Amino acid sequence: MSEQALSRALSRRSQLARLKKQVSDLLFHAYGFWGYLFLYFPIIILVVFSFNDSRSTAQWAGFTTHWYADMLKDHQIILSLWNSLFVAIVSTTVSVIIGTLAALAMERYRFWGKLMMDAVLYLPIIIPDIAMAIMLLIFFDISGIGFEPWKVNFFGAHLAVPYSVIIGHVAFNISFVAVVVRARLAQMDQVLEEAAQDLYADPWRTFWRVTFPMLLPGILGGALLAFTLSMDDFVITFFTSGAGFNTLPVRVFGMIKKGVTPKINAVSTLMLLFSLMLVAISLILSRGGEKGDSSGNPMF
Amino acid sequence: MSKLITWLRQRASLQAWLLLLPSALWLFIFFIAPLFIVLVYSFLERGTYGGVVWHFTLENYRRVFDPLYLKTFWRSFYIAVLTTVFTLVLGYPLAYYIATRPQRQRGTWVLGLMIPFWTNFLVRTYAWLTLLRTHTGLINLTLMHLGWIHKPLPLFGNDTAIIIGLVYGWLPDMVLPIYATLERLDRSLLEAAMDLYASGPKVFARVIWPLSLPGVVAGSMLVFIPSLGAFVTPAILGGGKALMIGNIISNQFLAAHDWPFGSALSFVMMAVMLVATLVYFRVTSDEERRQL
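Going line by line, the protein sequences match chains C and Z.
My numbering applies: residue 1 is where the first sequence begins, and numbers increase by one.
My numbering applies: residue 1001 is where the second sequence begins, and numbers increase by one.
In case anyone wonders, no lab produced these hints; they're calculated from the structure.
Among the hints, erroneous ones may be present.
What the hints assert, rightly or not - Under the rule of at most 30 angstroms between Cα atoms (straight-line distance), these lysine-lysine pairs were calculated in the BS3-like manner:
id : chain 1 : residue 1 : chain 2 : residue 2
1  : Z       : LYS1071   : C       : LYS258
2  : C       : LYS257    : C       : LYS73
3  : C       : LYS151    : C       : LYS258
4  : C       : LYS258    : C       : LYS73
5  : C       : LYS257    : Z       : LYS1151
6  : C       : LYS263    : Z       : LYS1241
7  : C       : LYS258    : Z       : LYS1241
8  : C       : LYS263    : Z       : LYS1151
9  : C       : LYS257    : Z       : LYS1202
10 : C       : LYS21     : Z       : LYS1241
11 : C       : LYS151    : C       : LYS21
12 : Z       : LYS1202   : C       : LYS258
13 : Z       : LYS1071   : C       : LYS21
14 : C       : LYS257    : C       : LYS151
15 : C       : LYS20     : Z       : LYS1202
16 : Z       : LYS1151   : Z       : LYS1241
17 : C       : LYS151    : C       : LYS73
18 : Z       : LYS1071   : Z       : LYS1241
What the hints assert, rightly or not - Here are the in silico distance ranges between beta carbons for each label pair:
id : chain 1 : residue 1 : chain 2 : residue 2 : range
19 : Z       : ARG1104   : C       : TRP34     : 18 to 26 angstroms
20 : Z       : ALA1205   : C       : PHE155    : 39 to 47 angstroms
21 : Z       : THR1057   : C       : ARG55     : 48 to 56 angstroms
22 : C       : ASP53     : Z       : LEU1070   : 22 to 30 angstroms
23 : C       : PHE207    : Z       : ARG1101   : 36 to 44 angstroms
24 : Z       : ARG1104   : C       : PHE33     : 14 to 22 angstroms
25 : C       : TRP208    : Z       : VAL1053   : 54 to 62 angstroms
26 : C       : ILE126    : Z       : GLU1059   : 24 to 32 angstroms
27 : Z       : GLY1112   : C       : VAL23     : 21 to 29 angstroms
28 : C       : ARG110    : Z       : ARG1104   : 37 to 45 angstroms
29 : C       : PHE212    : Z       : ALA1271   : 36 to 44 angstroms
None of these values were measured; they are calculated from a predicted model.
Just so you know, even glycine gets a beta-carbon here, dropped at the ideal spot from N, CA and C.
Please construct the entire structure, taking both the sequences and the accompanying hints into account.
In structure tokens form, the structure reads like this:
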């Protein structure tokens, strides 16, 4: 074979290989596109039809903000939103404090009963919410505690929140906070704490001046996760609240059961915006931490 | 006082338990105790107006194996398995796609995956309700409008609808662990395989797939367990007809007032999940799990 023929054959072969690679790349990109379209399409449709000037959630009949006005006039929805916020704030506060203490114990000590506590802390994460919901329902029913409401004036809204709901939310949030804070503790350098102790700082001072500031991204990450889980929870709230108490998801479930209307789309869009806001906050928080470090960010 | 502090400092175990005390109390009272109460309840007889009669019986567990309930169990199991398989088939290429993006873009792609996942589960399920409904859903209306079909497709109130809803809901749970293993994959291994003239499919079958297996197993667990215990998805997309075990359990508490039977059903459900978890620990090593 002449040199020319050989190089021609080789170049054809490499051309073919390049073409093959281009086609497979194209297919691959197409797959990525369809994959993400699948993830976003239902949500986009949901938002679009919240502006639909008709009772239909599938046939477009012009633009309106009527459903949003409707939503804002619905006292039940507004009340359930306040309930959601109150439950989320209280349960997040409690679970962040006691969950962080638990994380410190689990990560920094060796002690009798550690393995058992490990299991107890992980169980609420893996147990399905329906099982946890009925467990709590039976417990509150036979112990007779919990169903009485906590009457509170929350930014002018008069709420009556059953203690059982808050207790249930704290019970599942502790574990999530502990996991996130532990992850942060595990990869924190203990050298600085040892240095502080070498310089005769007492443990109390070492904790507040060294450990706590370094741990803060983890604690905030845990708080954000707990807040989101609490705002989103439907099943456990639904079973532990007794009659007549609604958080926003419980209210939405009740509305869906009664029939589909664009008003539900409007409430959903509001909840969607709220989640986006939390994602944005978590991004800003992790940016504010060490560069390229997302350890304090449980979402990623 | 200072003596007390010195005394405490010498006892690490005591310190640890002091830190743990609030959460341990909370979880033992409001989680472990309820778990045991449910276990006890599952062996009692039902009262006439809800509640229980304190009389030991195995009847509730026998009823779980009644053909009627066994069928629902089997169906939930089959829906959960199909959901896991579909999320794997759809999610693996997606994880691979994200892992092969330029390093600086990957964070954005992962964020793109997480945003829908962060949206309330109920909202996401409702979104599918407006798409799938038989006569007023967007998919059937559009297809009929285009003249591609003349009768609406049976997309709602059946297993198909539930599986679509579950796959959509849990897809990121499958993609993320697989992505985590693929991203950590040593590129030089791929180059070595190619240098030895392994074809594309062979590189995948012999190198990529085995190395991503821990992610696949973890993702499957994360999808299988919540799918088996699903309550919201069948309640909304099952149209009141297609039910899963989670709905049967909730019915015992909300409608039938048979708490002991509901308790027995949840314990059997948790037993199935426990078996799945044990299998997971059996097929993966400590090292592999830590990497996720």
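Is it true that Z/ARG1104 and C/TRP34 lie within 18 to 26 angstroms of each other by Cβ?
24 angstroms, holds
Quick one: are C/ILE126 and Z/GLU1059 within 24 to 32 angstroms, going by C-beta?
29 angstroms, holds
Are C/LYS263 and Z/LYS1241 close enough, with their CA atoms no more than 30 angstroms apart?
OK: C/LYS263 and Z/LYS1241 at ~25 angstroms, within 30 angstroms.
Taking the beta carbons of Z/ARG1104 and C/PHE33, is their distance inside 14 to 22 angstroms?
Holds, at about 20 angstroms.
Is the Cα-Cα distance between C/LYS257 and C/LYS73 30 angstroms or less?
This hinted pair holds, its Cα atoms lying about 21 angstroms apart.
Hinted pair, alpha-carbon criterion (30 angstroms max): C/LYS20, Z/LYS1202. Please report holds or violated.
17 angstroms, holds
Verify the CB-CB distance for C/ASP53 and Z/LEU1070 against the hinted window 22 to 30 angstroms.
With a Cβ separation near 49 angstroms, C/ASP53 and Z/LEU1070 fall outside 22 to 30 angstroms, so the hint is violated.
Check the following: the C-beta atoms of Z/THR1057 and C/ARG55 are separated by a distance inside 48 to 56 angstroms.
Since the Cβ atoms of Z/THR1057 and C/ARG55 sit about 51 angstroms apart, the hinted range of 48 to 56 angstroms holds.
Please work out if C/LYS151 and C/LYS21 have their alpha carbons no farther apart than 30 angstroms.
66 angstroms, violated
Starting from C/LYS257, check that the Cα of Z/LYS1151 is at most 30 angstroms away, please.
Given that 30 angstroms is the threshold and the Cα spacing comes to 26 angstroms, the pair holds.
Is the Cα-Cα distance between C/LYS151 and C/LYS73 30 angstroms or less?
Answer holds: C/LYS151 to C/LYS73 is near 23 angstroms, not above 30 angstroms.
30 angstroms limit on alpha-carbon distance, applied to hinted pair C/LYS21 and Z/LYS1241
48 angstroms, violated
Comparing the model with each numbered hint stated earlier shows that hints 9, 10, 11, 12, 13, 20, 22 do not hold.
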